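Quick note, the sequences are listed as chains X and F, same order. Residue 0 is where the first sequence starts when you use numbering that gives the first Met the number 0, and the numbers rise one by one after that. Residue 0 is where the second sequence starts when you use numbering that gives the first Met the number 0, and the numbers rise one by one after that.
It is worth saying that the hints were derived from the structure and are not from the lab. It is possible that part of the hints are untrue.
[To be verified] One side of the interface only, derived from the structure: several residues of chain X facing chain F at Cβ under 10 angstroms: (1) L35; (2) Y152; (3) D163; (4) D166.
Nothing here was measured: the structure is a model prediction, and the numbers come from that model. Quick reminder that beta carbons are idealized off the backbone N, C-alpha and C, glycines included.
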Amino acid sequence: MDVLLDPFTYPFFVKGLIVATMAGGLCGLIGVFITLRGMSYIGHGLSHAIFGGFAASSIIAVNYYLGAGLWGLASALAINSVTKRRRIGADAAIGVITTASFALGVALLKFYGSKGPSFDAALFGSVLGITYTDMWILAGVAVFAGIVVFLNYRSLLFATFDPDVADVSGVRVARVDALLMLVLSLSILATLTVIGVTLVAATLVVPAVVARMLTNRFSRMLVLSTIIGAVCGFVGMYLSYHLDVPSGTTIVLTGAAVFGAVMLVTGGRRLQRAGHLDTHTA
Amino acid sequence: MTADDRTGRGEELVHLAGVDFGYDHHAVLRGVDLSVCERDFIGVVGPSGSGKTTLLRLLLGTNKPQRGTITRTPGIAVGYVPQLETVNWNFPVTVAECVLMARKQRGLPWPSRTDKADIAAVLDRLGIGHLAHRHIRELSGGQQQRMFIARALLRRPRLLLMDEPTSGVDVASRHDMLHLLTDLHSEGVAILITTHDLNGVASHLPRLVAVHGRIVAEGTPREVITPPVLEETFGAPMQVLEHLGMPVVLDLEGNLTPSGSS
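I would like the entire structure built from these sequences, with the hints used as guidance.
Right, here's the structure in full:
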């Protein structure tokens with residue numbers, strides 16, 4: 000029993016646990032909109048793009064959140080703009096922009112070294128790298144995201160389901176989209192140190208997909224995805240201590256295990272719902 | 000906008016004057032002049048790719064004209080019912096959640112008592128009140144159309160625009176839909192629909208617009224459903240007979256032209 004409770008005696012771990020739970024819940028909440036818009040790839044791309052900002056801000060000694068945040072927001076808006084011009088080939092364009100940004104970040108860090116969070120922590124997440132500042136910033140972003148979703152619930156839902164009709168029904172779709180991109184980039188930024196660049200996309204997608212398999216109602220999907228994300232964050236961080244592997248890895252593996260369990264219980268029948276989250280077929 | 004009671008069509012709600020529109024240097028519509036008035040019930044007919052949906056989107060305001068002007072009555076509420084084929088049926092919403100989207104959020108995200116009462120009333124009015132908590136995929140084609148009409152009606156529109164409302168529904172549902180639209184029209188809602196279906200839908204409407212890259216003809220079914228207009232619009236010769244005072248379109252082999260989507 001002592002072995003199980005042992006990690007809770009370390010303040011750094013308790014702090015990491017709180018951060019991971021908040022990060023999981025936050026990604027679960029935002030992930031619903033991202034997956035339903037068929038933008039799962041944007042989470043992956045954006046986290047890589049933000050890594051370039053992380054490296055650049057680290058080298059020129061600008062606050063990590065400010066430098067990477069501005070870089071990330073600019074990337075998010077650019078990606079959102081590109082995804083609307085489908086004929087260009089949005090996936091390819093995102094791939095080029097974001098992986099180039101990631102490669103630039105790797106090159107910069109190799110040349111100059113990091114003055115902020117470590118390279119490995121940025122890639123895979125680390126409980127050791129989490130500061131109280133990180134915790135409060137994440138709490139602030141989580142509250143901000145919650146308020147944005149609460150106050151703009153119907154607009155976000157309408158603009159996600161049917162942007163054209165929403166536009167002519169009084170929803171300012173461009174504003175709603177920009178707001179969502181802002182929240183997404185802030186969320187990735189704030190969760191980067193605990194989950195890591197390479198794995199943050201999974202925390203955006205997995206809880207939403209599992210929630211979709213469990214419900215047909217949007218409001219329930221939002222709540223379920225947030226809870227699943229938070230639970231995966233908590234359990235994943237706890238396992239990370241015992242297994243001594245990066246926290247992002249165990250958080251994502253916990254999510255994958257939940258996904259597998261739900262698929263097993265539902266016999267895979269409901270996978271079809273999640274398999275075509277953004278398809279437009281009658 | 001001035002009233003135009005000389006034609007019996009009432010006040011002009013939307014007016015297109017010399018409108019051109021295209022995608023990537025490919026012209027879809029040229030020189031369109033069209034008025035939609037408050038007592039109109041218009042069917043827009045034409046083959047696939049003729050510009051029907053583009054015309055609808057110009058009226059709606061989602062497409063901006065490359066040339067010409069579009070004038071709308073200020074503050075007019077326009078309801079839009081999309082083509083069922085364009086809808087993401089895997090999206091996790093129930094019928095009630097879908098209809099609620101049309102109601103602007105004031106404060107709390109969940110529906111107020113008034114919202115709930117209005118949604119129940121509009122769904123009952125359309126005969127799908129018992130389906131309020133079903134997922135949208137669990138509805139038949141006709142019920143899905145009614146759900147989107149309910150969403151449009153929640154905004155109390157003066158003009159209702161519908162893209163292929165009878166496409167993909169069975170004959171009985173098509174009749175029900177026409178009756179429903181006739182009722183809405185008699186209650187004062189101006190309606191404009193696109194359709195492929197000349198015999199099942201278009202010939203029953205009071206006013207038609209034939210489109211093929213431009214407006215080929217406009218008027219009553221007797222004026223529009225004629226061999227020269229149909230040949231120019233659909234690019235194939237057709238025969239027109241009269242049955243119970245309504246035009247009936249046959250192809251050259253004497254068969255009824257296909258109904259519904261083509």
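Would the stated hint for Y152(X) survive a check requiring a Cβ distance to chain F of less than 10 angstroms? holds, 3 angstroms
L35(X) as an interface hint toward chain F, with CB separation required under 10 angstroms: Since chain F brings a Cβ to about 6 angstroms from L35(X), closer than 10 angstroms, the hint holds.
Classify the hint on D163(X) as holds or violated, based on whether any CB of chain F lies nearer than 10 angstroms to its CB. Because about 5 angstroms separates D163(X) from the closest Cβ in chain F, which is inside the 10 angstroms limit, the hint holds.
Does the closest beta carbon of chain F sit nearer than 10 angstroms to the beta carbon of D166(X)? Holds: closest Cβ of chain F sits about 6 angstroms from D166(X), inside 10 angstroms.
Of the numbered hints stated above, none is contradicted by the structure.
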